[in-house]
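**Q** Chain by chain, the residues:
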Amino acid sequence: MISALWHAFLAGTFWHPLSFVLLAAGVLGPALGVVFSRNIVRAALWLLPCLISVAGLFVLLGAEMLAGIQVLIYCGGIVVLILFGVMLTHGVGDPDIRVYNRQLWWGLLGVVVFAVVVSFALTAQLWPPLPGQLPPNVTGRLADALLGQYVLAFEVASVILLVAMVGALVIARGEPKE
Amino acid sequence: MNWLTTVPLQAYLTLSAALFAIGLLGVLIRRNAIAVLLGIELMLNAANINFAAFWRYGATSSMEGQVFVVIVMTLAAAEAAVALAIILNVFRRFKTVNVDQINLMKG
Chain P
1 MISALWHAFL AGTFWHPLSF VLLAAGVLGP ALGVVFSRNI VRAALWLLPC LISVAGLFVL
61 LGAEMLAGIQ VLIYCGGIVV LILFGVMLTH GVGDPDIRVY NRQLWWGLLG VVVFAVVVSF
121 ALTAQLWPPL PGQLPPNVTG RLADALLGQY VLAFEVASVI LLVAMVGALV IARGEPKE
Chain A
1001 MNWLTTVPLQ AYLTLSAALF AIGLLGVLIR RNAIAVLLGI ELMLNAANIN FAAFWRYGAT
1061 SSMEGQVFVV IVMTLAAAEA AVALAIILNV FRRFKTVNVD QINLMKG
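Chains as they are written, first to last, in this note's numbering: chain P, 1 to 178; chain A, 1001 to 1107.
Chain A with its partners taken away, still in its complex shape (with noise of 0.2 Å):
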């Protein structure tokens, strides 16, 4: 009974990759462009929390794990923003956000 008492890396990576496939679900089927900045969030979440359970599980003596939580944060808020700026750039010139609308590039 492992399990009652520390919880094993397995439920970690599990959890993650279940975060990380509705996040793919999101950005695959919605309409909204702003419902797939939803989706493209959540899948950051599920690296975060892999990267910090594999630092936990891995090695605790050195911090690559937490930096790289760091990093993808910064770099998160980064493409949050432009990525807004874009659907506001395309609303004014489309009148619409449903990514399957704009296909001005369409062959």
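Excised from the complex, chain P in its bound form (with noise of 0.2 Å):
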């Protein structure tokens, strides 16, 4: 085991599943912290090294321009988003009473159930292995895609898009006083 270790670490085969781990971490700790936290500012503060995290895992995978999209649309974009929506409506760093609701018990018990099936599914299985060298210009390749073969399902997200943005807009103004 410790010799494994060692020989893995000499030949610098170790920093994929080490980066592994430790983006994990990153991911798994922020987001019990969103879960948990009783302040809602400091939940919405928790997403971002969250998100930074799953945007290293992007990276980690090959899909570079993914983990690009992940820092400007959710770091830059949503969390900011919410941090407005919590500004607007309910008065900065309010500490609530009570934060979770009386199905406590009952939404952990529907997550183990949920966790239980999903083990269950994920061992059932055999996965394969991974594949060897990425084909090079992986994101030159998914540009091709998006406006080549994919170009119907790119213009209608940008159609919900903007019909969203309006509606969001329409929705947030409310009724016109008179």
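Fair warning: there could be bad hints in the mix.
[Said to hold, decoys possible] Residues from chain P shown here face chain A by an in silico Cβ test under 7 Å; the list is partial:
(1) L47
(2) L48
(3) L66
(4) G76
(5) L88
(6) F114
(7) L134
(8) N137
(9) L147
(10) Y150
(11) G167
[Unchecked claim] Only part of the chain P face toward chain A is listed, based on derived beta-carbon distances under 8 Å:
(12) L22
(13) A24
(14) G26
(15) N39
(16) L45
(17) P49
(18) L61
(19) T89
(20) V118
(21) R141
(22) A168
(23) I171
[What the hints assert, rightly or not] Cβ pair distances, simulated, as ranges:
(24) Q125/P with K1095/A: 21 to 27 Å
(25) K1095/A with L126/P: 51 to 57 Å
(26) T1005/A with R98/P: 46 to 52 Å
(27) R102/P with R1093/A: 21 to 27 Å
Honestly, the hints are just simulated from the structure, not real lab data.
A virtual CB, placed ideally from N, CA and C, is assigned to each residue, including glycine.
Two chains, two frames, some hints: make the complex.
**A** As structure tokens, then:
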């Protein structure tokens, strides 16, 4: 065990599993912070390290473009949007008296059942090993796929984004005063 | 000692299942509607990790996995904007964002 670790360290093949473990800790720890911190501003800020670690996982999987989009859209857009929502609804830093609803134990039970089912599915299946080297120019091929074969999905997504933006404006503006 | 040189696909799937479970817990047990939204974002990220991992361990010659992640992120942004607008409107009307106090349609 120890010698195998040492040989992997010497061969320089250790960085991939090691960075996976570090990033997994960086995903799951802040995610627990998101769910269990009592202050809603802190919960929203815990989302940041979680999302950045997910971007690191994308880099580890060889999808650099996705990592960039993740940082730009999630960390730069959605977290800021949620912080604005907190600011406009709740009063900054207002500590809730009771942050959990009455379904705490039922929720825990449901999550445990979910985890059991998923772990059964994960162990019942024989998963493929890692294929060899990535083909070159992944980002360029992603661009070709987005604007070539999947251009319809791309355009539909952009129309949905436009409609959602206009709809959010209309909903958030409220009724005009008499 | 294969796991010392490469990360197996199960590791990514287990990680994303754990992240999904944490997000589901947040959706189920939090009172604040914005905290529920945070849980939904965690679940969407778990799905994205799965898409990227299956792309890497499956057929890297086609780009379906990454295209899916891009579309999911777009829809997540749209969903967050609309959800926050609705929460804002609910707050204006009910003076609260706690989901267990907004029970106007309860029979």
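**Q** Could you tell me which of the numbered hints above are not met by this structure, giving the numbers in increasing order?
**A** Failing hints, ascending: 2, 4, 8, 9, 12, 14, 15, 16, 17, 24.
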